[in-house]
Amino acid sequence: MGLDYCFAYLGTYYARQTPTHKKHAREVLQRLDDYGLTINASKCMFGCSEVPFVGYLVDKNGILPLPEKVELIANYKQPTTVCDLRKFLGILNFYRKFLPKAAHIQAPLHEFLKNSKRNDKREVEWNAEAINAFNSM
1 MGLDYCFAYL GTYYARQTPT HKKHAREVLQ RLDDYGLTIN ASKCMFGCSE
51 VPFVGYLVDK NGILPLPEKV ELIANYKQPT TVCDLRKFLG ILNFYRKFLP
101 KAAHIQAPLH EFLKNSKRND KREVEWNAEA INAFNSM
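Under this note's numbering, the sequence shown is numbered contiguously, ending at residue 137.
Calculated directly from the structure, the hints in this document are not laboratory data. One should not assume that every hint holds.
[Unchecked claim] DSBU-like mimics (lysine-lysine), calculated; alpha carbons at most 30 Å apart, straight line:
| # | residue 1 | residue 2 |
| --- | --- | --- |
| 1 | K69 | K23 |
| 2 | K77 | K43 |
| 3 | K60 | K77 |
| 4 | K114 | K69 |
| 5 | K22 | K77 |
[Said to hold, decoys possible] If you anchor each label on the Cβ, the simulated ranges turn out as follows:
| # | residue 1 | residue 2 | range |
| --- | --- | --- | --- |
| 6 | F98 | R31 | 32 to 40 Å |
| 7 | E50 | R26 | 54 to 62 Å |
| 8 | K23 | E111 | 51 to 59 Å |
| 9 | K97 | K22 | 14 to 22 Å |
| 10 | K114 | D34 | 39 to 47 Å |
| 11 | Y5 | E111 | 46 to 54 Å |
| 12 | G47 | A128 | 12 to 20 Å |
| 13 | E68 | D34 | 44 to 52 Å |
| 14 | P19 | F98 | 25 to 33 Å |
| 15 | C48 | E27 | 39 to 47 Å |
| 16 | F46 | E111 | 44 to 52 Å |
| 17 | R26 | A103 | 30 to 38 Å |
| 18 | F94 | N61 | 15 to 23 Å |
Every residue, glycine too, gets a C-beta built ideally from N, C-alpha and C.
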């Protein structure tokens with residue numbers, strides 16, 4: 001787009017709040033208009049101190065997992081099937097950069113996925129190590 005103070009991601013535009021933010025916002029809107037692009041005002045957020053962005057919460061301090069996703073993980077019921085465990089591990093994997101030593105802690109859980117198929121409905125035979133790994137997440 002040629003504007004070094006913002007970036008575009010799949011139709012989403014983000015720019016840091018600066019003293020020139022309003023000027024930059026006008027320039028972005030003008031650039032969109034110049035190229036014949038329209039935006040849906042009901043989907044826009046301007047002047048916010050934090051915004052949800054592709055599964056994360058972005059604010060002046062950086063990027064964090066969405067609070068509702070943290071709550072989902074914290075309250076996740078212990079999976080009963082290999083398929084359910086795979087779904088849980090997929091959610092964790094999305095936020096792995098916020099989980100110190102995630103691969104090491106999750107290793108006992110990944111053992112259940114070995115030689116399994118995507119929709120494997122076999123029951124997980126939980127052992128103490130796997131239960132501890134699940135509860136550590």
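Evaluated hints:
Distance hint between K69 and K23 is unfulfilled; the C-alpha atoms sit about 34 Å from each other, more than 30 Å. Between K77 and K43 the alpha-carbon distance is near 33 Å, which puts this suggested pair outside the 30 Å criterion. The suggested pairing of K60 with K77 is violated, with an alpha-carbon distance near 33 Å, which exceeds 30 Å. Using a Cα cut-off of 30 Å, the hinted pair K114 and K69 holds, with the two alpha carbons roughly 27 Å apart.
Of the supplied pair hints, the one linking K22 and K77 is violated, its CA atoms being roughly 46 Å apart against a limit of 30 Å. In this structure the supplied range 32 to 40 Å holds for F98 paired with R31, their Cβ-Cβ distance being about 34 Å. Under the hint 54 to 62 Å, the C-beta atoms of E50 and R26, about 22 Å apart, miss the expected range. With their beta carbons about 56 Å apart, K23 and E111 fall inside the hinted range of 51 to 59 Å.
Between K97 and K22 the beta carbons are some 33 Å apart, a value that contradicts the proposed interval 14 to 22 Å. The supplied range of 39 to 47 Å is broken by K114 and D34, whose beta-carbon atoms lie about 55 Å from each other. For the hinted restraint 46 to 54 Å between Y5 and E111, the CB-CB distance of approximately 48 Å keeps it satisfied. Separation of G47 from A128 is about 51 Å and departs from the stated range, judged on CB atoms against 12 to 20 Å.
At roughly 37 Å, the beta carbons of E68 and D34 sit outside the given window of 44 to 52 Å. Separated by about 31 Å at the C-beta atoms, P19 and F98 satisfy the suggested range of 25 to 33 Å. Range check, C48 to E27: about 19 Å between beta-carbon atoms, so the 39 to 47 Å window is missed. Remark: the range hint 44 to 52 Å for F46 to E111 is upheld by a beta-carbon distance near 48 Å.
R26 and A103 have their C-beta atoms about 46 Å apart, which leaves the hinted 30 to 38 Å range violated. The given range of 15 to 23 Å is respected by F94 and N61, whose C-beta atoms sit roughly 20 Å from each other.
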